[in-house]
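Chains Y and P, in that order, are what the protein sequence lines are.
Our numbering puts the first residue of the first sequence at 53, with every later residue one more than the last.
Our numbering puts the first residue of the second sequence at 52, with every later residue one more than the last.
A portion of the hints provided could be inaccurate.
To be verified - Distance condition first, Cα-Cα at most 25 Å in a straight line; then the derived DSS-like pairs of lysine-lysine:
id : chain 1 : residue 1 : chain 2 : residue 2
1  : P       : Lys260    : P       : Lys315
2  : P       : Lys286    : P       : Lys296
3  : P       : Lys199    : Y       : Lys217
4  : P       : Lys286    : P       : Lys143
5  : P       : Lys291    : P       : Lys143
6  : P       : Lys143    : P       : Lys296
7  : P       : Lys199    : P       : Lys260
8  : P       : Lys315    : Y       : Lys217
9  : Y       : Lys217    : P       : Lys260
Hints are computed from structural coordinates only; laboratory data are not their basis.
All values reported here derive from a predicted model rather than from experimental measurement.
The chain contents come next:
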Amino acid sequence: MVSLSATAIAAVVGLPCGAGLAICRFPGRRALILLANACLGLPPVVVGLGLYLILSRSGPLGGLALLFTPGAMVIAQALLATPIVTALTHRAVEEPWQDYCGALRVDGASRLRSIGMLLAIARRSVVTAVLAGFGRTISEVGAVLIVGGNIAGYTRIMTTAIVLKTSEGDLGLALGLGCILIGISVAVSACAFVLWERR
Amino acid sequence: MMRFRQYFAIAFVVLLARGGIAAEQPLPQSIILASTTSVENSGLLAHILPAFTRETGITVHVLAQGTGQALETATRDDADLVLVHDPEAEQKFITAGDGIDRHQIAWNDFIVVGPRSDPAHISGTHDAVAALTAIASTKAPFVSRGDKSGTDALEHRLWRLAGIDPVAAGGGSWYRDIGGGMGAALNTAQAMNAYTISDRGTWLSFGNKGDLAVLVEGDPRLVNRYDVILLNPAKHPVPKQALAKRFAQWLLSPEGQAAIGAYKVDGEQLFHPSATAPR
Numbered sequence: 053m054v055s056l057s058a059t060a061i062a063a064v065v066g067l068p069c070g071a072g073l074a075i076c077r078f079p080g081r082r083a084l085i086l087l088a089n090a091c092l093g094l095p096p097v098v099v100g101l102g103l104y105l106i107l108s109r110s111g112p113l114g115g116l117a118l119l120f121t122p123g124a125m126v127i128a129q130a131l132l133a134t135p136i137v138t139a140l141t142h143r144a145v146e147e148p149w150q151d152y153c154g155a156l157r158v159d160g161a162s163r164l165r166s167i168g169m170l171l172a173i174a175r176r177s178v179v180t181a182v183l184a185g186f187g188r189t190i191s192e193v194g195a196v197l198i199v200g201g202n203i204a205g206y207t208r209i210m211t212t213a214i215v216l217k218t219s220e221g222d223l224g225l226a227l228g229l230g231c232i233l234i235g236i237s238v239a240v241s242a243c244a245f246v247l248w249e250r251r
Numbered sequence: 052m053m054r055f056r057q058y059f060a061i062a063f064v065v066l067l068a069r070g071g072i073a074a075e076q077p078l079p080q081s082i083i084l085a086s087t088t089s090v091e092n093s094g095l096l097a098h099i100l101p102a103f104t105r106e107t108g109i110t111v112h113v114l115a116q117g118t119g120q121a122l123e124t125a126t127r128d129d130a131d132l133v134l135v136h137d138p139e140a141e142q143k144f145i146t147a148g149d150g151i152d153r154h155q156i157a158w159n160d161f162i163v164v165g166p167r168s169d170p171a172h173i174s175g176t177h178d179a180v181a182a183l184t185a186i187a188s189t190k191a192p193f194v195s196r197g198d199k200s201g202t203d204a205l206e207h208r209l210w211r212l213a214g215i216d217p218v219a220a221g222g223g224s225w226y227r228d229i230g231g232g233m234g235a236a237l238n239t240a241q242a243m244n245a246y247t248i249s250d251r252g253t254w255l256s257f258g259n260k261g262d263l264a265v266l267v268e269g270d271p272r273l274v275n276r277y278d279v280i281l282l283n284p285a286k287h288p289v290p291k292q293a294l295a296k297r298f299a300q301w302l303l304s305p306e307g308q309a310a311i312g313a314y315k316v317d318g319e320q321l322f323h324p325s326a327t328a329p330r
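Please take these sequences and the hints and turn them into a complete structure.
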């Protein structure tokens with residue numbers, strides 16, 4: 053659930069941003085594209101640590117009391133997945149924009165409408181972008197361990213449970229959880245492809 | 052186009068629903084206990100906490116972090132109380148004005164575990180310092196936690212008593228500082244046929260013992276004391292001090308002490324309640 057919410061946030065923010073970066077021309081655009089691409093390799097533990105310091109009760113956003121809650125985990129994973137979705141969407145939409153920009157301009161389509169059209173045209177690559185973001189969130193453990201605290205029944209998710217079970221020497225159960233996690237990941241990817249290929 | 056809008060609409064609804072749930076948490080009647088990996092990994096807290104929650108309606112969220120990190124978390128106001136096992140670090144925490152009301156709730160002991168082949172010939176002895184000296188002189192592999200936990204602190208106290216600086220003597224060769232929790236250290240020792248020091252609770256509930264066995268026990272210097280400490284309201288804004296205090300008092304009460312004493316793994320008692328007679 054944490055990973056799905058984070059991926060949804062990343063998609064909602066990343067898709068329009070990625071498409072916008074391809075369409076709109078504004079100062080700092082190249083820097084933003086560079087930033088999105090650079091953040092593809094954002095180390096989760098560093099994101100976790102930074103977010104921990106910000107959300108800590110003695111940190112700037114401590115008043116929100118978000119540290120060690122599922123909310124903090126969603127934020128951490130969304131931060132990790134958004135650049136992935138943004139960068140990949142930008143790449144996917146760039147080419148169709150070159151091909152169709154003339155037609156869309158003649159149509160008098162607004163920028164917002166152009167973004168929607170382009171995302172529809174490049175939908176296969178866009179699905180891949182979202183799935184790449186989902187892959188990041190569901191496999192991630194470093195950041196959620198730091199900001200979630202791995203609290204039983206509250207902020208313990210599959211990956212952190214696997215870490216715990218491994219440390220308890222319960223390797224069989226850890227491996228079993230790992231198989232389930234891989235199964236979920238495969239199932240989500242398969243569902244997404246089936247749903248989108250059918251259209 | 053429509054499909055996209057629908058997708059976004061669904062995503063938004065899901066997000067709003069999730070946001071609503073997240074905003075309600077943490078429940079008002081919950082506290083965060085920063086604790087050591089040993090009380091969590093051994094299963095003790097999972098065994099005793101349901102009774103406390105039933106009695107009081109207070110949920111205890113446990114962070115299993117190791118003593119050093121647990122005290123650091125509390126210093127940053129991110130926990131409501133701590134349950135730790137490193138007397139020296141605890142004293143510093145209290146002297147610095149961060150903690151008050153330290154009480155011992157239970158004890159057990161540390162043990163030296165190692166491969167049955169026992170290259171340092173320490174099996175059956177009862178002197179932990181002599182055992183470490185023997186391990187160092189035979190250069191037998193030794194796994195150190197290296198994570199500033201209570202167990203790590205004890206290990207370094209023992210090396211000091213032995214007059215050996217293990218990092219200088221064998222860092223990178225036989226002395227392997229893994230910077231991990233107790234379970235990780237036991238997994239590593241098992242894989243490398245190495246010696247290590249463990250608390251008895253984690254050892255007894257550990258599932259991957261392989262060729263490892265308890266080799267040294269019964270040294271009075273290996274006593275392992277667990278203390279509960281509240282945060283000092285003079286230095287920390289502790290909105291949940293009353294709830295935290297209630298939990299500390301319950302741990303020290305006859306019910307809490309009985310629950311701790313009743314926790315067994317394979318018929319063996321892991322923690323000896325000691326609120327009334329601290330060791």
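Which numbered hints fail: Checked against the structure, no hint fails, so every one of them is satisfied.
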